Amino acid sequence: MEPDTARLKRAIIVPKTAMLALEGDGSFGTGGARFKAAQAIEPATQLAASALRMKSALGRLALDADGDQFAFARLTQGTADGVVKSLNNINAMMVISRDMEKLKDAASAIDSDFVVVDDFDLAMPSAGLRYTEFQKRHFRTTDAKADREMREASGTLQAHRSGIRGDNVAVGILDTGVDADHVEFRGRRVLFRHIGYYPGAGEAPRIVRGFDTDGHGTHVAGILTGRKVGVAPGALLHCASVIESETMRTSMVRTVYGLNWMLGHLKLDPAVPAVLNLSLGFPAVDNVDEKGHKTRLATIRYMIKNLIANDILVVSAIGNEGPGTCGFPAAFDEVLAVGAVDAFGRTADFSGSCTTGGTKKPDIMGFGVNVLSAVERDVDGRSLYTRMSGTSMAAPYVAGIATLYRSAYPNEPVSAIIDMIRSTAIYLGKSTQGAEAGLAAFQTNP
0 MEPDTARLKR AIIVPKTAML ALEGDGSFGT GGARFKAAQA IEPATQLAAS ALRMKSALGR
60 LALDADGDQF AFARLTQGTA DGVVKSLNNI NAMMVISRDM EKLKDAASAI DSDFVVVDDF
120 DLAMPSAGLR YTEFQKRHFR TTDAKADREM REASGTLQAH RSGIRGDNVA VGILDTGVDA
180 DHVEFRGRRV LFRHIGYYPG AGEAPRIVRG FDTDGHGTHV AGILTGRKVG VAPGALLHCA
240 SVIESETMRT SMVRTVYGLN WMLGHLKLDP AVPAVLNLSL GFPAVDNVDE KGHKTRLATI
300 RYMIKNLIAN DILVVSAIGN EGPGTCGFPA AFDEVLAVGA VDAFGRTADF SGSCTTGGTK
360 KPDIMGFGVN VLSAVERDVD GRSLYTRMSG TSMAAPYVAG IATLYRSAYP NEPVSAIIDM
420 IRSTAIYLGK STQGAEAGLA AFQTNP
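Position one of the sequence shown corresponds to residue 0 (numbering that gives the first Met the number 0), numbered consecutively onward.
There may be inaccurate statements among the hints.
Below, a list of computed lysine-lysine pairs in the DSSO-like style, where the Cα atoms sit at most 27 Å apart [as the list claims (entries may be wrong)]:
#, residue 1, residue 2
1, K8, K84
2, K84, K359
3, K293, K8
4, K359, K266
5, K15, K227
6, K84, K266
7, K359, K293
If you anchor each label on the Cβ, the simulated ranges turn out as follows [as the list claims (entries may be wrong)]:
#, residue 1, residue 2, range
8, G356, R185, 42 to 52 Å
9, R185, E435, 38 to 48 Å
10, E243, G357, 14 to 24 Å
11, E435, G186, 34 to 44 Å
12, E243, E151, 12 to 22 Å
13, P269, T212, 26 to 36 Å
14, G356, P412, 17 to 27 Å
15, N87, N410, 23 to 33 Å
16, I425, T354, 15 to 25 Å
Derived from the structure by calculation, the hints contain no laboratory data. Remember, it's a predicted structure, so these values are computed and weren't measured experimentally. All C-beta atoms, glycine included, are put in the ideal place defined by N, C-alpha and C.
Modelling step: build the complete structure from the supplied sequences, incorporating the hints.
Below is the structure:
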C-alpha cells in the first residue's frame, strides 16, 4: 500500500560533533590555501568512526531507554508509518515519519551524538528564469561552427586532438535527469536513478535508463560530457534526478539521498577519479531568516566534506542573482564556485559574486551565456538542441575542464587539480565584477 505522503515528515540525522564544529565555524571562508586544507578537515578515520556510530544508532533508534522495543521500530520495516534508512556512504540517516515530535523523542533516545535536521528546500539558481535558461528553441543540429571559438579558447578541442577526452573519470550530476537516448549519450552506459519526493517511503527506486521531463539536466549533462557538444565526452556519466521539473525545486532529504547513491557509485573503484556537478542550492545567510540557517548550512557542508574526503572534486553554480550574492554550497571553501561569462569573456549580468570569510567568490568562470547543448527528444524520438544561459551552464563547463585534468593526471588529488584549473585560467581583467576569477581552460602542460 502506498503511504499517505501528505502527512509524512522528513529529516536527516547526522553526527552532532561534526555539526557543532561546522556551526561553530564563524566564517564560511578561511582564505589562503583553503582547498588543500579542506581535505584534512574530515579524515578518513573520523568518517569511518561516524559510519560505525550511524550503524549502531540505527539499531538504537528502535529501542527505548530500557532496551524495550520502541514504537518507531515499525519504521525500519518499511510500513506506512514511515522509514528509517542508514545512508552509509554519506554517513547520515534518513527518517520519514508521520510525527516529527515523536521522531525527535526517538532520536534523543539514541544518545547525544546525533542531531535531527528537519527537511528544507533547495532550488535551481532562480534568476536564470529571467534570462534564457529555460526558454527553449529547438535545433536539429549542433551548429558547431558558431560555437567553435569557445571550444578553441577553452582548450577543449586541443585536448580532444591529444586524446584527452575525460576517459576513466566518473562524473556525477544532480539535476532534473538526463535523456540517455539522446544522440549525445546514445550507446553509452549511463547510470541513472530517480529520487522521489519521499525517497524510501515506498518501493526502493531502481537504476533505470535515464529520462528527463524538463530538459535542464540533459542540457547540463551535454555540456559536461555530450558526444558532440561536451567538454569531456569520454567520462563515465552518473545522474541522479532530484529536481522537480514543475517547480525547479528539491529538498535536502532528496539531495542527501541522491548524494549517498552517487557517492556509492562514483567510488565503486577508488582508483577512478571523480567530479561532481551541482547546479542547486539555497541563498546566502543575509537573504533568509538566520534562525536555523547555520544548522542547514552545516548539514550541507557536512555532506560536501564527506565527498571531499573521498577525493571527489565538487563544482557548483554560484547563482543567478547578480553581483553581491552567492548561493550555497558554492560559497563554501571546499567547493569550486563557478560564475558565468559570455563568448567574449564578459561577465554575465546575472552571475553572482561575493566575499565570504575574506574569500572572494566565484573561484573560476565558465561559458554560461547562450550555450548550445542537448535537451530531451521530441515525440518522434528526434534528438534536439537548444541554447540556455545561467551559471547552471557555466558549472558543467568547468566540471568538464576538471574532468579533462583528472583524466590527464589521474593520480593527482583534488587540491592539485584545482591548482591546475586556477593556474591555467584565462585572465579576464576587471570584467569579473571584482571576483578576480579567470575563465577555466585546459592546457596540456599546466
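Here is what the structure says about each hint:
| no. | hint | verdict |
| --- | --- | --- |
| 1 | K8 to K84 | holds, 14 Å |
| 2 | K84 to K359 | violated, 38 Å |
| 3 | K293 to K8 | holds, 21 Å |
| 4 | K359 to K266 | violated, 31 Å |
| 5 | K15 to K227 | violated, 46 Å |
| 6 | K84 to K266 | holds, 21 Å |
| 7 | K359 to K293 | holds, 20 Å |
| 8 | G356 to R185: 42 to 52 Å | holds, 45 Å |
| 9 | R185 to E435: 38 to 48 Å | holds, 41 Å |
| 10 | E243 to G357: 14 to 24 Å | violated, 36 Å |
| 11 | E435 to G186: 34 to 44 Å | holds, 42 Å |
| 12 | E243 to E151: 12 to 22 Å | violated, 37 Å |
| 13 | P269 to T212: 26 to 36 Å | holds, 34 Å |
| 14 | G356 to P412: 17 to 27 Å | holds, 23 Å |
| 15 | N87 to N410: 23 to 33 Å | holds, 27 Å |
| 16 | I425 to T354: 15 to 25 Å | holds, 22 Å |
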